[in-house]
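Numbering (the numbering used here), first residue to last: 1 to 604.
If you are wondering where the hints come from, they were derived from the structure by calculation, not from laboratory data. Glycine included, each C-beta is placed from N, C-alpha and C at the ideal position.
Each pair of labels, with its calculated beta carbon distance range:
hint, residue 1, residue 2, range
1, G370, R226, 51 to 59 Å
2, P354, F261, 26 to 34 Å
3, G243, S537, 41 to 49 Å
4, R499, A577, 18 to 26 Å
5, H355, S537, 24 to 32 Å
6, P252, A562, 55 to 63 Å
7, A594, S537, 29 to 37 Å
8, T264, A594, 58 to 66 Å
9, E468, P430, 21 to 29 Å
10, T264, A562, 56 to 64 Å
11, V575, R29, 17 to 25 Å
12, Q351, E561, 45 to 53 Å
13, T264, A352, 20 to 28 Å
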Amino acid sequence: MAACFACESPIPDGVSQCPVCGLQLAVCRNPDCGQCYPAEASFCPFCGESVQDAAPAPVEPAAVEGPTGTGVVGSPVPFVAENGPSPEVFDPATGSPPGAEPAGKPASPGTFDQMLALFQEGEDAGPGPAAASAAADPYAPPAAASEKATLVGGLPAAFPADPSPGVPMIGLPGTGVADRGLAAMAMPGLGLPGLGVPTAAMSTAPVTLEVETSDKYRRHQQGLLRLRVRGDGLSSDALVDVGISSALFSGPTDFHVRLGFSQTHEFDALRFVPHVAGAEHVRISLTLKTPASVPLGRWSAAWLMQIEDVEKQEIHAGGDVFIVGGVPAASPSLGLDGFGAMGGWQPLPLQADPHFNRRLTNACPEAALGTPPPLDPGSVWPAGARAQAAVCVDDLQTGLSQALAVVCGNSANLGRGGDPAVSWWLQPSPFDAHQHGRLSRRHVSLELRDGRAWGSDWSTNGTWLNGERVAKSELQLLADEDRLEPAQVVPFHVTLLAREGQVHAIWLRRQDALREQLSYLLTDGQTPLPVLVPGQSAPVAWLAWRRTPNQGPELMACAAEAGRWEPLGPQQQRVLADRYRLSWQLLLAPVDQATYLGAICAQT
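Construct all of the structure, not just a fragment, from the sequences and the given hints.
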């Protein structure tokens, strides 16, 4: 006897409506499929057969004897490959003993409502980047933990050459499949709302940093240094991070404050006792961020602090006055704390940090790729909704294929896997059991929020960004052309898609043996994705996700030559530029990379 698509209740022969939930049912017209589904669907969710003109038909028992095995979508038990640690590897991140099965294997949703709920779930395996950033606020008194957003400096690492024209590749701007001169066009200007100064041209800081100190100190005598910041150039609140480092101090010191227009904040005084005479370097950095911790710019200053030797000092009667260098006119008074007279507040000349600000511009890259036809407002993907899919592209000339692992939502986790909360299960290529064991189950989190792309490390063996290991659990602002390396095992080239000052997608392209076969995409679904192919500077098509009633996600495609949006059913095919065949499948649970490369793309 057939079962209802939604509630799995038995359906008597010849009945086109579920007697339990009332769902109108239809039977796929494809003789190789024969599955039942909601009658209002525009295509069969199992085989992709168009059913827009099909009337509800009685359900026959043979139609639901079991899944056809041709797709992941709608299968009672989603295809999920085992991807736990290898038997000889012990993962200190999870405490998994050798040979242990991965915990939390994905379970098949029992009903249609549960399946739809799965699309809306966030990745709640532990505190995510947003939760971590909300847990502590170093800018508000009392001082909290050092949770903060970080933008790692340094120039982008060199990457392998772009693929040859014969390699199938769909991509975002910056993946090397289109003209880099076009794709790398700078953004018009990133700015703090109300600030009025674009980051790309922010050579002068909109705040003033002042210092109060003495021009000279003496060895073995306590000294004092004060800093304050003024928001004369601000028209709205901003976060200010000030870091100071010198051999005079036991270690680097960081200050944080939330500052508004015309506000002035004086930081705690720094006391020190120099032990060596001579000139000591003092270096200061100032980073300005929005209230949402999006960096806007960084500046630096440095000066030499003179330390006099004690042998050059002569003590006069009374003990309250000393002469520096034997010159009576230069004798400063001796305060209660034992330091020389302060010179009053002096503004520090701040120099823009070129490397930091270059990456800051790349944090929201704009590419002039044209504009697709507008989508029906009712078809736009709901903000915060989630879905996971596999998009496959085949080169009909060379026979080569590429898989794109897609998460439509605001966040995604990647790591060794074995848990349904980890979207992308990674393995090094070529496979190495020891290297695979260095990956934690949940290694890195990606997030789209506040108009920017963020990453955070939650692993035992660390994550590297542009060659620098990032601090665990701290938000890292991602920029276009970054190099991201979980445990230095699977390297990725980061590409961002931005429109109107907002980042809408993160593209991770592998930099190992699977460079041309598998990549990963996190998109919020709020803007169409351009499809770029070798030899074409303009998109050959646009892709967009939409939510359909009672059916979940649906992929919309707009070919450049057609100029209109059309639904593309799962496992249906669309040929782009007379060469590249595009298809996709909906995933009800995470799968490992072998499944993306084998079972999924082999079905197209």
